[in-house]
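Asks: All chains, full assembly: derive it from the sequences and hints.
For the record, in the sequence shown the residue sitting at position 343 is 343 according to the working numbering, with numbers rising by one throughout.
If you're looking for bench data, these hints aren't it; they were derived computationally from the structure.
Please note that a few of the clues may not be correct.
Only pairs whose alpha carbons sit at most 25 Å apart, straight line, appear in this in silico SDA-like list of lysine to any residue [stated by the list, open to error]: (1) K162 - L207; (2) K162 - K296; (3) K149 - F163; (4) K400 - R294; (5) K296 - G277; (6) K400 - V369; (7) K279 - A333; (8) K400 - T260; (9) K400 - T305; (10) K168 - Q95; (11) K162 - D200.
Predicted model, so just to flag it, every value in this text is computed and none were measured.
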Amino acid sequence: MRNVNAEIIAVGTEILLGEITDTNSVWLARQLRDLGINLYFMTSVGDNTGRIADAVRIALSRADLVIMCGGLGPTVDDMTRDGVALATDRPLEFQQHLLDSIAARFEGFRSRMTENNRRQAFVPQDALIVENPVGTAPSFIVEIADGDKVVLALPGVPREMKFLFSEKIIPYLREKFQLGGTVIRALVLKAAGIGESMLDDALGKDLLEGSNPTIGLAAHSGQVDIRITAKADTRDLADAMIATTETLVRQRVGEHIFGTNEDALEDAVLTLLRAQGLKLHIIETGVPPLVSGRLKAAVEAGDVTVVTRPSPEVLADGMRIRDAVEQAASQAAQPGTSVIAVTSTDASGEDHSDADELSALAVVLGESVVSRSYGFSGASDMARQFMGTWSLSMLWRLLKNNHA
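Replies: If you want it as C-alpha cells, here you go:
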C-alpha cells in the first residue's frame, strides 16, 4: 500500500480572527482518514498572497498532497489562486471557458455577473480544472514536477467543498495515488472519573507506543477520550485490528469507560440513574445552568429536579465554599436521590487566579460525598468548561461503583 501524507491549509483571515469556526478542515480530515491518507498538519493562514505562498511551500516540503480550502471567490481578498501560483512558480492564466461557465451559473440564478467574477477564471498555468456545478468558484489541481506532489484548491463554502471533494476529488486521489482499498479507521472510547496521567499509566507503554493500531489520549474537563486508529487494506481488517486493541484497553481501564464515539456523559449518567431507580436533584447557586442545561430533556421529563438560587446563600459564618457546598448537597440528599450542588460567590463572568476559592461543586450519593473547588467565577468560560463536566463525571463514577 502506498504511504501518502497530506496537509490541509484553511485560507481566510476570518478564521484567524475567530469570527468563524473552521469546520471544513475537520470534515476533510475524516475523509482523508477513510481514504487511508495520513494527515500530520493542519494550517490556517490569512488572506495574504505572500503568507499563503509560504504556507504552500512549507506544506509541499513535508506532504505529498496539499489541500487548500477557501479564498477562491471574486473579491480582492480572495488570494488562494495567487498564492498557489507564486508558490509553484507558475503564472496565472485566463480561461475563457471558466468565465463562460460562471456567467451561465449567474444566468441560471437570474442574476447579473459583475466584472470582479472575472478573477475566478484565472488559474495557475497547466492546472487541471475542477468544474463546480453547485457554485461559482472553480477549483483546480496543480501537479508538481513529475506529478508526485499535488496541490488541490477547493472553495470555502462547505456545501460546495463537500460536493466537489466527494464527487470529483476522491476519484482523482484514488487513481493518482493508487490508493486501492487502503483505509484508516478510528474508534473513540470515552472515559470519566480518571485523569489523563493516571489513564496513561494504566494503559501502559506497550499499548500507547504501538504503531498500528495507534492509541492517543485527548483530555477534556472531567473526561478523557481514548482514540484507537488502525490502517489496513480493507475496512473489515482495520475494524478487526481496532477490536483487538479495544479489548486490551477495556481489560485495563474498562471501569472508567462510559461510551464510544459520539456518546455523551450526561446520557451515560441518566442511564445509570434509571437503571438504579434514582432521581437527580441539582442545586445551582450563583451560577448559570452549568449542569441542568446539559440535562434539559431529563428536567422537562421530571427525572431531574432543579433548584436555582441567584445568590450563594449556602455560605454562613465564614464557612469555606467547598465545605458549604458539601453541606448543602448532603442536606438535600434523600433516600433514592443523588445530588449535585454547584455554587459560586462571584457571578461576574471574569476569570481569576486560582489563589482564591470562588466556586465549588459537590456530588452526593448515599454515604459518598466528593467535591472540588476552583478559583474562577461561576459564570466564566472556565466554569462552563470544567464544573458541568466534572459534576457529571463524579456522579457517573459514584453511580458506577454503586451499581457494582
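Asks: All hints, please: hold or fail.
Replies: Each hint, compared with the structure:
Between K162 and L207, the direct Cα distance comes to roughly 35 Å. Violation of the 25 Å bound is thereby established for this hinted pair. A distance of roughly 33 Å separates the Cα atoms of K162 and K296; the hinted pair therefore is violated under the 25 Å criterion. Only pairs whose Cα atoms come within 25 Å are accepted, and K149 paired with F163 is accepted, the gap being roughly 23 Å. Using a Cα cut-off of 25 Å, the hinted pair K400 and R294 holds, with the two alpha carbons roughly 20 Å apart.
For the hint pairing K296 with G277, the CA-to-CA distance comes to about 19 Å; that is within 25 Å, so the pair holds. About 14 Å separates the Cα atoms of K400 and V369, which keeps this hinted pair within 25 Å; it holds. For the proposed pair K279 and A333, the alpha carbon gap of about 10 Å is at most 25 Å, so the pair holds. Taking the CA atoms of K400 and T260, the gap is about 17 Å. The hint holds against a cut of 25 Å.
Between the alpha carbons of K400 and T305 the distance comes to roughly 21 Å, so the proposed pair stays at or under 25 Å and holds. Our distance criterion of 25 Å between C-alpha atoms is met by K168 and Q95, whose separation comes to about 20 Å. Distance check on the hinted pair: K162 and D200 sit about 36 Å apart at the alpha-carbon level, beyond 25 Å; violated.
When each numbered hint is compared with the structure, violations occur for hints 1, 2, 11.
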